[in-house]
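Asker: Protein sequence lines, in the order shown, are assigned to chains A and B. Residue 9 in this note's numbering sits at position 9 of the first sequence, with consecutive numbering throughout. Residue 370 in this note's numbering sits at position 370 of the second sequence, with consecutive numbering throughout.
Among the hints, a few may not be true.
Result set (PhoX-like, lysine-lysine): computed pairs, CA atoms no more than 20 Å apart in a straight line [claimed, not checked]:
| hint | chain 1 | residue 1 | chain 2 | residue 2 |
| --- | --- | --- | --- | --- |
| 1 | B | LYS368 | B | LYS161 |
| 2 | B | LYS73 | B | LYS401 |
| 3 | B | LYS401 | A | LYS161 |
| 4 | B | LYS63 | B | LYS73 |
| 5 | B | LYS401 | A | LYS78 |
| 6 | B | LYS161 | B | LYS294 |
| 7 | A | LYS161 | A | LYS105 |
| 8 | B | LYS161 | B | LYS194 |
| 9 | A | LYS243 | B | LYS401 |
| 10 | A | LYS105 | A | LYS198 |
| 11 | A | LYS243 | B | LYS194 |
| 12 | B | LYS325 | B | LYS335 |
Keep in mind that the hints were calculated from the coordinates and are not lab data. Just so it is clear, the structure is predicted and the values come from calculations on it, not from any experiment.
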Amino acid sequence: MRRPWKNRSQAEVKEAICGYISISPWLFGFVILTFIPILSTIYYSFTRWTIMDAPVWIGMENYVRMFTNDPLFYQAIKATGLYVAMSLPIVIVFGVLLSLLLNMKIKGMNFYRTLFYIPAVISGVSIAMLWTWLLQPDVGIVNTLLALVGIEGPKWFWDPKWALPSVASMSLWKVGGSAVIYLAGLQNIPPQLYEAAKIDGAGKVRTFFTITLPLLTPTLFFQLIIQMIEAFKVFTEAFVITKGGPLKATYFYLLYFYEEGFQHFNTGYASALILVLVVVIMSMTMLVNYTSNRWVYYEGDEKAK
Amino acid sequence: MKRETRKIVMALAILLCMSTFLFAAGQKETVATDAKKAEVVTLEWWTWNSEEYDEAVQRSLVKEFEASHPNIKINMTLLPTKGFETKMTTALGAGVGGPDVAFFSISSWFPKALDLGPYIERDTFDTGMYYEGFWDTKTQFNGTTIGLPLGVGASLVMYNKDLFDAAGVAYPTSDWTTQEYLEIAKKVANPAKKIWGCEILTRPFRAIWYNYGPNARLYSMDSTTVDGYLNSPESLSAYGWFYDLMRSGATPSVSDMSTLSTENTGPIDLFMADRLAMATLNQGHMLDAVRAGKNFGVVREPGVGNNQRHVNAWSMLVSIWEGTKHPEEAWTFLKWYVGPEGQKFLMDNGNLFPSIETVAVQYKDADKDYVKGFLEILNDKQVAIWRGSHPSGTKVEATIKDLWDMIKLGTIKKSEIKRELDKLVPRAQETLDEAKKTLLY
Chain A
1 MRRPWKNRSQ
11 AEVKEAICGY
21 ISISPWLFGF
31 VILTFIPILS
41 TIYYSFTRWT
51 IMDAPVWIGM
61 ENYVRMFTND
71 PLFYQAIKAT
81 GLYVAMSLPI
91 VIVFGVLLSL
101 LLNMKIKGMN
111 FYRTLFYIPA
121 VISGVSIAML
131 WTWLLQPDVG
141 IVNTLLALVG
151 IEGPKWFWDP
161 KWALPSVASM
171 SLWKVGGSAV
181 IYLAGLQNIP
191 PQLYEAAKID
201 GAGKVRTFFT
211 ITLPLLTPTL
221 FFQLIIQMIE
231 AFKVFTEAFV
241 ITKGGPLKAT
251 YFYLLYFYEE
261 GFQHFNTGYA
271 SALILVLVVV
281 IMSMTMLVNY
291 TSNRWVYYEG
301 DEKAK
Chain B
1 MKRETRKIVM
11 ALAILLCMST
21 FLFAAGQKET
31 VATDAKKAEV
41 VTLEWWTWNS
51 EEYDEAVQRS
61 LVKEFEASHP
71 NIKINMTLLP
81 TKGFETKMTT
91 ALGAGVGGPD
101 VAFFSISSWF
111 PKALDLGPYI
121 ERDTFDTGMY
131 YEGFWDTKTQ
141 FNGTTIGLPL
151 GVGASLVMYN
161 KDLFDAAGVA
171 YPTSDWTTQE
181 YLEIAKKVAN
191 PAKKIWGCEI
201 LTRPFRAIWY
211 NYGPNARLYS
221 MDSTTVDGYL
231 NSPESLSAYG
241 WFYDLMRSGA
251 TPSVSDMSTL
261 STENTGPIDL
271 FMADRLAMAT
281 LNQGHMLDAV
291 RAGKNFGVVR
301 EPGVGNNQRH
311 VNAWSMLVSI
321 WEGTKHPEEA
331 WTFLKWYVGP
341 EGQKFLMDNG
351 NLFPSIETVA
361 VQYKDADKDY
371 VKGFLEILND
381 KQVAIWRGSH
391 PSGTKVEATI
401 KDLWDMIKLG
411 TIKKSEIKRE
421 LDKLVPRAQE
431 TLDEAKKTLL
441 Y
């Protein structure tokens, strides 16, 4: 329970003031660059605004149009939802598997850890360009290798059926970054638990499912939320490679938002679009948080016993 | 531990959500404009670097102007193209800190340009010196003159003479038709050697579409009606021609076009690599080809029968911001810079093709065939789909993107195109009506 200011010692007050002064640069930045833009976005979402002229208040019109008369909105929701459903398991599963490999005690492991982390620091546009060439149907290395074993590779980004899975598969590139987080989680698991399991005669698979995986769930929970939000914000791949096509297979939500806001200058409508995305992301985050009681285990937790 | 971890996770999640807001947030920047020293006026001039006029040439231009106008100083601010757009949009939208003179390259900025009509009339400034099409199409907005056209550019078909000679095919002539284009492309293509006849068009409703007839456009010239234009017989013929082109085997694959050609500016890389016998490029590419020693020719885009011929042409609109505090000095600079003196300076010292015909004919290589071919193209009627433009106009075009993809991918039969166009009309009309709500006039 907080004590009133008048009951605090001079030292405590000084410490508090120092604290506020210390966070003031961040606070200032937050208010100017985040909080005020958020409030502005909410306001503009109820207006018709092209940036050049004063916004015109139109009430709920943007939202009504979005939900009742905008097929592109649903197209973007569908493409983004499918992308999240495809890319999230890839990042989670391959991230965990890679972290298990990187947790092995072998010579030169630090080199491998660095190697797998490198892709995480490369810019998204460069990665997109790289994948464009990797998956180029006629001269790309993937189809060239497939041809060597007698398989005719698909047209990847240029086939409506394959475009979305192709973009989702690019998530593989990011697993090095999440693997480092899992690695930290793995190294926090007390070694005595593994020793006890070994004494009890548990095999590697059983040890993984009864010790490693349950005690990794807090990290998984964290990663699930972060990666889910990242997946909802997919943009660069579509902007650079597919332009939302073919046949709008990769017409992601942020691409639609970008076109509305920065190409068509429908800034009011774009503001409404981005607010809906924020609501969707927040709802999904809360849902994951709500279900976490059932599957996230903490050391010393009753469920873990 | 459990509760704290959750709190941290939730806090991070909220911060990440907030970052999506920031995606939409622009930065407000202001530039001081008024710098009066004695009687000398300093003008803010925002520009960018380009193939036609690089930084050094533009700085020399400023010196040249200042030497003959001692009471005006020019503060030239060179910006990257994308940064230029952001800075202009922010300044013009905010109504403060804009430049006195700048490129008004985006249609949504047009209402913020000073009406030059009174200055032109007072000084009896000769607007007739500019190519007529460029004056009509590029400088007029909502009944007012909003700027002067600097330089000219246009799409043109460049053909590789060596590939034509190797295939034993005669060079195209300026009276060629779309059907001849198709036949020539098939004859010069050699898929076994990865040599293609021509590229895949990036979008419809450009010069070739217009050449099919006055109704082969997205919507009526008064920007009100889609039906009878998007799905007109002329429009259908143009789509049919594109369908035949895509099935001809004369073009690279869609993926090859995407990865091997240069983004947005035409397939110059494929042309330079002798992989494309014909490519629709522009005058900048033409000069690149000259520098690279390519053996090429230039011809206008193919026509249809005796129909009016069109060209996709452009010019940089240079305007005075309506918020300028020095309109007289800005007008003095503008009419010098975009007048005969300034454009000749940029032509002689840079790579500008002037928008003034009497200056353009003085181009150093004016006697060369490629320059003659280019200058001839400039007299064709210009595609002016966005005349009196509105910022959401391209949205209407986006409604037909799926049909374009279907034709490219071969997922539609030729006989089904008419039905698809008819189906698209209501949606395109709705989009047009919605877009018109944001019209700037």
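Asker: Against this structure, judge whether each hint is valid.
Answerer: Status of the hints after comparison with the structure:
1. B:LYS368 with B:LYS161: Roughly 15 Å between the alpha carbons, so the hint for B:LYS368 and B:LYS161 holds.
2. B:LYS73 with B:LYS401: 48 Å, violated
3. B:LYS401 with A:LYS161: Given that 20 Å is the threshold and the Cα spacing comes to 17 Å, the pair holds.
4. B:LYS63 with B:LYS73: With a Cα-Cα distance of about 9 Å, the restraint between B:LYS63 and B:LYS73 holds, given a limit of 20 Å.
5. B:LYS401 with A:LYS78: Holds: B:LYS401 and A:LYS78 sit about 18 Å apart, inside 20 Å.
6. B:LYS161 with B:LYS294: 9 Å, holds
7. A:LYS161 with A:LYS105: 42 Å, violated
8. B:LYS161 with B:LYS194: 17 Å, holds
9. A:LYS243 with B:LYS401: 11 Å, holds
10. A:LYS105 with A:LYS198: Distance of about 17 Å is within 20 Å: holds.
11. A:LYS243 with B:LYS194: 26 Å, violated
12. B:LYS325 with B:LYS335: 17 Å, holds
Going down the numbered hints, you'll see the structure goes against 2, 7, 11, while the others check out.
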